[in-house]
Each structure stands twice: as structure tokens, then as C-alpha cells.
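Q: Okay, here's what each chain looks like letter by letter:
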Amino acid sequence: MKATDILYIEDNEDYIQFVKRAVSKINTDLSFNVLMDGKNTLEFIEGVGAAKPLPRLILLDINLPDYNGLDLLAKIRSNKATRYIPVVMFSSSENQKDMMKAFDGGANAYLVKPMGLTPLTETLQSICNFWLNHNQLPVDNFAA
Amino acid sequence: MSYPVVNLTNCDKEPIHILGKVQAHGLLIAADRISFEIAYISENCKEFTGLDAAPLLGHTLSYFFDTLYKDNPEQTYAQVIRFGLTQGLDNLNPIKLQLKGKLFHLILHTSDRFIVLEFEPTSPDIDSQLQQLVGSSLTQILEGGTLQETLQRAARQIKELIRYDRVMIYKFWEDGHGEVVAEEHAEGLEPFMGLHYPASDIPRQARELYKINLTRIIADVDAEPSGILTMPDEKDKPLDLTHSSIRAVSTIHIQYLKNMGVQASFSVSLIANDELWGLIACHNYTPRFIDYKARQHAKLIGQVLSSSIQYREGQEDREESQAFRNASDDIIRRMQKDWSLVDAVINQKNFLLRITNATSAALIFEGKIYRVGDAPSEEQIQGIVEWLQSGNKRNLYHTNHLTALYSPADAFRDKGSGLLACAISKELGEYILFFKPEIITTVKWAGNPEKPLATDDSGALVLSPRRSFEVWSQQVEGTSEKWSKAELNAVFKFREDLVHFINLKANEIRKLNEKLKEAYDELDTFSFTISHDLKTPIASIKNYAEIMLEDNTQLDEQNKHFLNRIIISADKMNTLIREVLEYSRVSRTLLQKQRIEMEPVIREITSELVAAYKVHNLDLTINGTPGILGDRVMLTQVFTNLLSNAIKYSSRSKPPKVTIEGKEEETQVIYSIRDNGVGIDMNYGGHIFELFKRMDNVKEYEGSGVGLAIVKRIMEKHNARIWYESEPGTGTIFYLSFEKD
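Keeping their order, the protein sequence lines are chains A and B.
If you count the first sequence from 1, position 23 lands on 23 in our numbering, and the numbers rise without skipping.
To convert, take the position in the second sequence, counting from 1, and add 1000; that gives our numbering.
Calculated from the structure, these hints are not laboratory results.
Check the hints yourself; a few may be wrong.
Simulated pairs of lysine-lysine, BS3-like, Cα-Cα distance not exceeding 30 Å [what the hints assert, rightly or not]:
#1 K101/A to K1560/B
#2 K1560/B to K20/A
#3 K1663/B to K1517/B
#4 K39/A to K1699/B
#5 K25/A to K1535/B
#6 K20/A to K1572/B
#7 K1717/B to K97/A
Have a look at the derived ranges for each label pair, beta carbon to beta carbon [what the hints assert, rightly or not]:
#8 T123/A to D1551/B: 51 to 59 Å
#9 E1557/B to D98/A: 42 to 50 Å
#10 E1716/B to D98/A: 25 to 33 Å
#11 S78/A to E1599/B: 48 to 56 Å
#12 K1693/B to S78/A: 50 to 58 Å
#13 T123/A to K1699/B: 30 to 38 Å
#14 K1693/B to L54/A: 51 to 59 Å
#15 K1517/B to P119/A: 51 to 59 Å
#16 D98/A to S1607/B: 47 to 55 Å
#17 D98/A to D1551/B: 30 to 38 Å
#18 E1739/B to T123/A: 43 to 51 Å
#19 K1505/B to D98/A: 27 to 35 Å
#20 P119/A to L1555/B: 20 to 28 Å
#21 S126/A to E1716/B: 36 to 44 Å
Beta carbons are placed, not taken as given, at the ideal position from N, Cα and C, and that holds for glycine.
The shape of chain B in the complex, shown without the other chains:
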């Protein structure tokens, strides 16, 4: 069997401000503003004035005052009130007068078409008592220090002013529940500081009223309120008591106070940015009335405190924002000084953690995860990133309750119950993540907030204010401290700056790339020109050496040898130049793609090479020669160079063995050229394709180190691939893979 969760929401429906009762300590009379005819009067009139209430209905205020002061005809209160109605009632309040020989304050306000008169007791020495407090209290409150200190001082000032047993400053949270954030109480009382009260304790409608009526007193919860009488024709239109200071309060609220043992209650509203920020809530454990003037002074303190709160909270926000902004600017500045993003945010004293109040963070950038502080594991972060990428999440995404949205977060809620994600690039899965830990936050409720109800003896639910105010702790699980506006703003700004900067960098890199390309082209042209121009002087050197050798028949053997060395060196140089020219020609020449029958090409190349290297015992196998789409001249060069290497480097094997194999696959044509030559140490990797690179084990073979570079360049130009497998001493296989179309 389950019970419905019940709270005091029925309070929301009770029309508090038009209850037809006033508290016992005051007298209320309401008259028509124009005619001054009395339309409402509280039953307790006789206790205050000696006049019965009911017969006064329908009579004018002048009649009422004349009857009251028939021995003192100079007391013309009716005229004063009429004057006040035109000149402003606030200047008049309070009017000091005597009723049956006792001092009273008459306080006036209007309600609809009525002028409302409220009489409440005062004492002759109230002015002098207040005098001592007024001047000093405000300046003391505003002395400076933190907001917390200001609140504490305000509580103390209010306590001195009204002399209640307990003065609390009560702050409303966003969800409507309240917390005691400052307190002054009489010795021996249990402190309520830090306690939380459920939202239902002060119903929504009451909170609305607090914004209009800034103070409220309940002088004695046990005193029987007095009903408001009205003429029969006004019966269905109860007087609006919104601005009344003596109106009786909801019986539920009275019960609530009684359950806490409170006999008198007083509250002052604290309003910041047009919202009810909190209350100065005062409790007395015996009945205690507070004089109108003291209440007015408390109201003033409340207003000063309100504006102080508004300013301080704003300032603290601004200071925090500024600190976040400074940290963010620091990072960007560092990046502008050519630091990498990773260096700027991670390696430098965890700068990332200064942009917000996060306790840990992570940067996911260029395929790597960098963690700062006690962040979730890399795997967990990877999971978060994938989750963030899925769905239509915005570039800035935040929650203080990640487990509710993403269940795997349960595993790391001690580190990241709160997540603020900032996408650098959603597509690339590049993010900056900020984490806040779970606050097990033990909220100390004044009583169980889920059970503000009682059961009667039969076990039936009885709707009444909760009876228990024992501290009841509740653990709030899986949630972190909220991300403040300042934090969100800071990260928003940081992201803007960061993305802007990254774009800027990308542009720079693009420009650099273009320059590099230009330089590369220039170099290509240069190497072409210089190689070309070198050919002539080298030929001349060789020619002259030959002439000298021919002409000087008497030369000794050594000099003949020297001249021969000149000729051989010039030949080597010439070969090298020719190859470099071929290499640079690859990029200078446009591809002329056509389908090439490979069999005749390969046959011609091999027969030429066999003749050139004089390897007549070559064991040559050709297995399949599928056609290739490519540039005939260039591909001939590729096969020439590779086969030339294969034959050259296997020429000392017995017998040299070269196998050419072509296979046609679905989308590719793959050729392999296998030899049983000296082989290549696979540790060289792709370096073998670099210009002028020659392996250590081929020093005794002729070669310039250009052949494979040309091959690689041609393959790249064809968008084709080349790779190899090799074992030193066993042989090498080169693979060539060409796209079919």
C-alpha cells in the first residue's frame, strides 16, 4: 500500500490576504474614502474604545471620532485623515493618540475604495529607545567585509532592535526551499544555522505577499483573532488586507509556529533584483509585540540589507567573472606567443582549472586526452565525448546532475557529477570538459521535508504543518554544485576566443603551406636549371681530360690514371645530374594517363637491363602482366628503376632470381617485383624512398640514391602506392598498387 506524497500545497489555495480577521492586539476600521462611512470594523472595537463595533457600521468616521472624543472637541482626526488622503498618508503615519487613556498608533492605508485605520499599542518611551539605535545600526551593517559578515551584523542589529529570542536570515534557493544563512539567538537556544526548510514551509502565495508587504508581525499565536464585521451588502466582498499590518494569518501558519514552540514571529523581506532573496525571520518564545516605529526601522534595515545583498552578490559575481576572464585571457595570450593549446592549458599549472570553479578538467585534442586534476579516467572521458557527439547537443553543454542524463556517469560521480562541456570541434570529437564532484551534500532539513504531514490516531492523513523540527539529514546524490552564470559566461567567452584563435592559426598554416609550395616549386625549378647548366662544364672537363690523355702519349701510368679518374668522376656526376633532372621532371610534367599493355614494356626493360648489367645467368619469371592506367613514360621509368635495382642488387647471387608478378583485384592492379639480392633492413622504413638515400649494405654497388625517390614521386603522382618487404641477405619484394579506374 502506498501513500500519496502530501505537502502543504493547500496553503497555496488559501486566500490569505482577505481573511476576515485581525490579530487581537489591533483594531481595524475601514471607511469609504469619499463618504467616510464605516464599512468594516473589527469585533474587538469595544476593548479599545468602549464602543460596540456593529452599531458603528454605516456611520461616518467623523461620528466615530466625535463620539470617542466628545470631551475633547479639538481632536479633529477625521479632518486630518481627509487631509492625509490628498497629501499622502505616509507623511502622516503613525498618528499618536489615546484610547481609553492608553497610547496608540493610528496607521492609515488605503485598500480599494476604502481608507483603512489600524490602531495598535505603543509606549511613550519608544522614540528615545529607537533614537539610540537608528543612527549607528545602518552604518554598522554596511561596515564592509564579506556578504556573510554583513548578514551576521544585520541579524545582530535586528535582534537588538526588536529583542526577539531568535533572529535568522533565511535565504531562498532556486527551488524554493530555504536555508538559514545567519543567525543570532538568545543563550541556551539550539542553533538553526545551516538548516534547510522545505519550500512548502513558506508557500508561494506567502512569498508573493512578502514582496509587497515588507514586514509582518504575529504578536501572539495564542491570542484569539478578532473577526471583521461588515454590512450585509459587503458580506460577499471581504476587505483586501494586503497592506494591513495587523491582519490575522492563516491558521496553518499559526499551527506551524506553534509546532516549533514559537509564540511571536516577525519577518522582514529581503529583495534583490526584484526577487524575494530571503527573509529576516524572527522568533520569540513568548508573546511579543513590536512597536510600529521599531518595525519601520527594521524594514529600513531590511531595505538597506537588500540593496547591499544585490550589490555584493553582483560584485562577487563580477569579481569571480573577472578572475575567470583573466585566466582565460592568460591562456589565449600564451597561445598567441606560439604555445600549443596543450602547453597553454595543461602543462602550465593547470590553467584550465582557473577558468571555472571546476575541480578537474580534460582536454580532448588531436586524438589525445589530457587530464587535469582528479578527472574521470581516459576511457570514461572517451565515453562522455561519444555521448556528447551523439544527439543534437550544443557547443556549450552543462549539467549538475550528469548521472540522470548519462547513466555510466554513476561510476565517476565522485569526480564528475557536474559537467560543463565546451566543444572545440564536435565533428572531430575535440572538447574541453570541466568537472565538479558530487556534493554529498548533506542537507540538514529542519524535519523531514517529504513528510510535512501527520497522521491521527486512526492512521488517517491529517493535513497540518509538520510537527517535527528535529534535524533530518538528507544526502543529495549524484549532483554537483551548480554551474554559475559567471562560469558559463567565462567558458562561453573562452570558447569564442579559442575557436577564433584556432581558425587564425589554421589560416596561418594555410598561408605557410602556400608559401612552402611556392618555395618548393622554386627549388624544383632551381634544381632543374642548375642541373642542366652543370652538364656543360662537366662535359668540358671530361672532354679536356680525354684530349690530354690522347695528346700526351708520353704520360706516365700514374698521370694517365689520374686523367682517367677525372673522366670517370665526370661520368658519375653526369649520371647523377641526369637522374636529378628526371626526378624534378616528374613534378614538372603533366600526367598523360592511358591504358598501358605491360607485357611488352616489361620485356623490353628486362632485356635492356640484362644487357647493361651483363647478368646472363638471370633467372627471370614473369607471372601475369595486367594493364595499368597511367603515364607511359613515367611508368616505364618506375619499372626500369625497380627492375634495375632488382637485377643490380641480386647480380652476385647464384643465380640471380627476379620475379615479376601482376594481379588484378577488384579495384586495384598490384604488381610485385621480387629479387634474391642483398635485401634492405626494414628499419629503414620509408627512408629508402628519400632523395640521395643509400643503404649501408649497397655501398659497393653503383648508384646515386635517386632511383627510388623518382619511383616514389611518380607513384604519388599517380595516386598509387608503393611498399616493400625485405630481409637482408634474402631478398626484397616491392609492391606497386594502382587504382583500376
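Bound conformation, chain A alone:
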């Protein structure tokens, strides 16, 4: 099984399309996987370990049908295996408080939906440039 570069957790069909397209524009070699609800995401986080390859970047929607993205972020940050993976949150709220909650919970970036295809591509491009080109993750970032 090929290692996943980018894992997108999203239930909205449209955004899956848009992000997939943006990613393919950035680099056609990047592998891209999607999980469409919180339950599958939790199973994935529990199941990762030495045996299973980790994604290198997680894009996480806050409004999932069964789970709050912020709770999933907490799970990711509390699991030893996943705690260093950079997470980009997607939210439809422009509210400062919601943004702060995400960053306090350990988000590395916060994107507001809806987004045009061009800005989405440009933003993801710079995120990928930064996170995926570093082999060594900045460990100190999350020193518990």
C-alpha cells in the first residue's frame, strides 16, 4: 500500500473534488486519500502504528456529520503516532474565537470555506511547499 501524502477528512463531495484537483495541480505525484466521517477517522488514528505508514499532511474539516473536527484534532494530537503530523483545519466560520480554538487545539493552519479554486490551490501550494519539503518534522513544536 502506497503511503498517503495527504489525508483529507471531509464529507462534502464538492470540496473533495476541489481539494483533490488543487492537490493534483500542485504535484501529480502526491498521493491523496479521503475519509468521509469521524468514525472512520478515529479508527484510522487508533490503527496507525509502526506497521501502517502515516500521512504527511492532514486536512480536517470542522463540520463533520458525526464528529466535531476539533475533537478529532485533539485525538490526533494526543496519539503518539500522529501528534507531529501537520493539520490544516477547514471551517466555514470566520469567527476569531473559532479560529483561536483551532490553533489552541494544535492546528497548523486554518482555512475559511468557501474558497475559490485559485486561492485554494495557491494556499495549499504554499502549505505543501512548507510541510512536505521538510523530511524532519519540527518536533519541538508540540513538546508535550
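Based on the hints, put chain B in the right spot on chain A.
A: For chain B alone, kept in the frame of chain A given last:
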């Protein structure tokens, strides 16, 4: 040289009821109730009895009757009187007896500690004469019809009963003067109907006496009254003749009657609600005595008439009150059916005039004057309202002589000499005014009421009853008919109802306002939510259109164009949604006021806008940038929107010119933003600030019609003002005025 006004008030001081004389036609004897000793006796005793008066003083009544009837010892009148004193004299009166072979009535009453015996002539056939009248007269009087008809019938009945030349029904007005309201007179006599008599004609004290003694006869004004003799020790205590029917009357009154040519006079009191309502006044031009029984019957007619008057006047008042009440209720009912006050009282057949007997009225309400009927002019009404508001006048204010209180009323006294003002709200100057015209009322006095006196040959004033009874007309000026109790009550009730109703309405409006506010808030929330939720699908539409455009390289130009149109439309929609969100955000966000340095704010905005609109030849002037107290984010938006408009709409001018000028005044900071753009037709007025409003001359410029609405909303939120001056084709100036603190 001026003469004092003199009237017959000295009559008020004359102690009428204790005059020591009786009329010539009767004999009076007064004896102690217990001892029966004769204490007073009239001098004319000998004419009636053959016995000298003076020697009888000190003797008992038994002695008197025994002496009188010594040939008829069975006549025991003294015993009868004693019996009457214990059993009630009224059952005894009159006692028929003979004196010197003539028939007499003996009538008894008591006065202080005395039993008073009055002998007066009668005739044998009086009973049969009366018999015919008694039964029918009362029923005829009470037949029905108006009060006036009843009075007229009563006058006729009295005339038939006593056969005097003239029978008048005389009504006392509130000020004490009297008017003849019904009359029956012998053929050939001048009618007195409608004449007024001054109050002094029947002095106050006489009127009081009329309430106690309900009938009075003066049988012959020329007959010499007979003095009442008494024992020396009673000399200073004249007998109280209040209840006497033969007592002599004041010489002034006799003179008064003589001046009118009257020889005999008879009167019956009319009493309603314990007040002397009037008199049945009867005149005969020759001496004429009226038998006791006929007088009693006249008294009965008077009493029946009195209660009829009391009832009728009450009923007429009640009927009138009811009519007023109905009209008032009609108005209130109409208002309850959602009619406006103005519609209910003015536009509907002058309902207002049915609440009272007013001839015109006015409603002053919500800054407007509505006139009903021939009311004073609007200016005059305005004057009245101002006068009513001044001073401490009550909510219901009335007068029948407005000119006396408010001199400008002289100009409209033909319309409003009488005023009844009902305040709806004194503070707001809201009133209902009722008017009554001046009654030039010609009062026909029987003689000049101001001159009830005569002068003697030397020109000195002689106090005597007036000699002239020629009709003398007096014009009563500046007064109207009085406001009746029924009218005052009706308006009082109407005001209560009206004020209650207006309060009720005000409450309803307040509740409605609250509901409206709720609905407005809901709508605001709704528009916020919906705008927000619309953003996602619109972005999706645009994104997919872009994807299609990218992926299908073989598309022909037309389809490419279509896809581009989708993208452009989605962008427009997105802009619109963003602005609506900003608009609704203004009311959802709390103001965070602070002092804002305006210069950097304006510089930043203008440089951004110049870049955005690509107007590099813009001639921009900034003249003064005083600080403003306000919300930084919101005020930035205000200046952004206004400057954006100024630059946008002048972008085609050569060169575009925008001037920003700030001035600090005493209490305000005023900014103006002037451009040389397309301008606004001033006929749009404040409509330009409405949501989605776009002027016809800017169709070719981009815009959503939300910008100025946001500006207006922010300004309102700051309690600040915005206005503009403009000329199409020349340019526009927007003014912003902020409170300094």
C-alpha cells in the same frame, strides 16, 4: 355727576312676616294655646262680630265664642279648637260658621305658643262650584305632551278656578330674575308672555316665604289693612304671621301692584327639587277675593304641577343626556372599529356636534385643526388653544361668556361666545372644543330692570317700586346659552372614554412596535444566515465552472464565453452577499467607540481605492481631518463606501476630482466628500439610502445598491447625520455630522 344704582333691596330688610296688620277682608285672633287667653286681635273685629277688639284682649276664646253665640249655646267652638289642637288642625280647616248672619270660614293655625284664628268670607255655593272643577282639572293638566303644554294647561285650569283676569306662570332663572313662560289672560289684555322681570321685583325674602306658604292672596290693594292689637306686654313681640293667609303685605309690594294697575293678586308657589322653581302669578284688575277652598284647590294644582315639573325637567334632562351619551358611544364604537379619531368625529356627519347642543366644534389633533360647523377660524382656534394651555385650566373648561375671560374672543362672538373645552392632551395642545354662538338675546324686560326707581319733582331719588312696565328690550352681548349639566356630563364621559381609548391604542402600538422589532431582528438573523449559507453553493458553482473551463480545452468560443459568464455572475452574487452580510452585521455588532485619527484612515482608503479603480489621474484634495469619536471598523466602512462612490462615479470625468473636507464646530465634527461625478437627482431624496436602491443614471457602473444603506445604518447607529447636495452632471457632496462627545 353719577347716580348710584338703586334697586328694591331695601325690601330684603323689611320684616314682612311680622307686620302688624291683616287685610281688610279677614279677622285675626291669636290666643295662648293652653290658657286660650286672647293675646292679639285685629282692629276690624267689630265689623265682623259687632264686638270691639281691644276689650277682648286678655279674655279667653271661650268667652269670645260664648259672647258671640249667647243665643246659640250649642255652638262650642272653643272646645272644637281645643280638640283640633290635639288631633290636628288640618282635619278641621275650614270651619264653616256665621258671623252676624253671614257665612265665614274659620281657618286655624299655630304660631309660636299661639293658636291663630282667621275668619274670612265664603259663600254657600262654593262647594258645588268647586265640585265640577276638582276632578277634571288635575287629570287634564297631567294629560301629557311637553312641559310647556302642561304649564299652559295649568294656567288655564287656574284661570277657570279663580276667574282672575290674568294667570301667568313665572319661572325664576338662576340669577333670580323671572320670565313669564305661560299665560292665560282675558280678552283685550296685553300679553306678558315672554317678559322678564328683574330679580328685585320679588325680593329674596319674599321668595323664601313662598317656599313655606304656598299660596298668597291680596284681595284688594286699595282696602285699608287692619292693625293687630296686642296687650302692652306683648307690644315688642309682634305675632309671627308666616302661616297667615290674610296678613297684609309690604306697602312696597302694594305700590308695585298698583303701578301695574293690578287690584287683586294671587300666587301659588311652584317648587322643584326643594327650590322655588317659579310661581303661578294671578292678577285681577278689580278687587277679587278667592275662597279658601278654591285657594286650597289651586294649591293642590300647584303641587301637582310642581312634581310634574320636577319629573319632566328630570326626564328631559335624562333624555337629552341619553342622546348625548348615544352620540358619544357611537364615536367610541367607530374608533374601536379601527376608525381614526378624525374619521370618527369629523368626517362622519359631524358626530361631534351630537354630543352637546353646540353649534360648532373643532378638533385639534396631531398638529392639525379640524373644524365642524360654523366654527371660529383656524387662527382663532389656535389662539384659544394657546390661551387654554396657559395657566392652570382644567381638562374640562367651560364658559358661556368667553369674551369676558379672553378678549380676542370678541372677534368671533357670533360663533363662539360659549366655549366648552375638553383636553385630550394639554401638553400636546390637543383639544376638542365646542362652541355656542352669542345669543343676542333680546331679553324683553317689563320695564328697565336697572331703573326700578323714580324721581320726585325735585329730581331726588325716591325709592318706590318702578312705575313703568313698558316692555324694555335689553341686548345681552357676548354670552351664549349656558352649558347644561347634561352637556358637561356628556363631554366628561366622552373625554374619559376617549382618553382611555387613546391609551389603549398607544399600548397596542407599543406592543406592535415590539413585535415589529422582534420580526426585524429575526429578519436580520435570517438574512445573515441565508447570505452566509449561500456563499458555499455559489463558490461551488464558480469552482466547477472553472474546472470545466480548464479541463475542456476543445470547447468552442461560445461555450467558453458561457462558462465565463457563470463565473462572473457567481462573483457578482458573492459581492452582493458580502455586502448584505456587512449591512446586517452593522446592527448585530456593538459599537466600540474611540477617538479616531482620521488622516491615516483616509489616506489608506484613498490609496487602496485609487489602485482598485485604476484612476491614476484622480485630483484628490484633503482639507482638514479632525478626529471622530466612533467605531473604527464601522467608520472606516463609511468613508470607504462614500469615497469609493465618489471615485467610481467621477472616474469618467476629466479629470476626476474628489475633495474631502473636515471641520470642527462647537458641538459637531462635519465632514464633506465632494466629487465631480454623475450626480444624483435630488428628487430621490432619502431614497438613495434604501437597500438595493440604484439611481437610473448609474446603471453602467458596477454596484449593488447596498453601500449607502450600510453608510446610513452606521451613521444612525452613531446618532450621527448624513445628507447630500447634488446636481446631475455636476457632482455630489455628502455631508457627515458627528457629535463631538
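Q: Decide, hint by hint, whether the structure agrees.
A: Results of checking the hints against the structure:
no.	hint	result
1	K101/A to K1560/B	violated (43 Å)
2	K1560/B to K20/A	holds (23 Å)
3	K1663/B to K1517/B	violated (36 Å)
4	K39/A to K1699/B	violated (53 Å)
5	K25/A to K1535/B	holds (24 Å)
6	K20/A to K1572/B	holds (26 Å)
7	K1717/B to K97/A	holds (25 Å)
8	T123/A to D1551/B: 51 to 59 Å	violated (21 Å)
9	E1557/B to D98/A: 42 to 50 Å	holds (44 Å)
10	E1716/B to D98/A: 25 to 33 Å	holds (30 Å)
11	S78/A to E1599/B: 48 to 56 Å	holds (51 Å)
12	K1693/B to S78/A: 50 to 58 Å	holds (55 Å)
13	T123/A to K1699/B: 30 to 38 Å	holds (37 Å)
14	K1693/B to L54/A: 51 to 59 Å	holds (57 Å)
15	K1517/B to P119/A: 51 to 59 Å	violated (40 Å)
16	D98/A to S1607/B: 47 to 55 Å	violated (32 Å)
17	D98/A to D1551/B: 30 to 38 Å	holds (34 Å)
18	E1739/B to T123/A: 43 to 51 Å	holds (44 Å)
19	K1505/B to D98/A: 27 to 35 Å	violated (47 Å)
20	P119/A to L1555/B: 20 to 28 Å	holds (24 Å)
21	S126/A to E1716/B: 36 to 44 Å	holds (43 Å)
Hints 1, 3, 4, 8, 15, 16, 19 from the list above are not met by this structure, while the remaining hints are.
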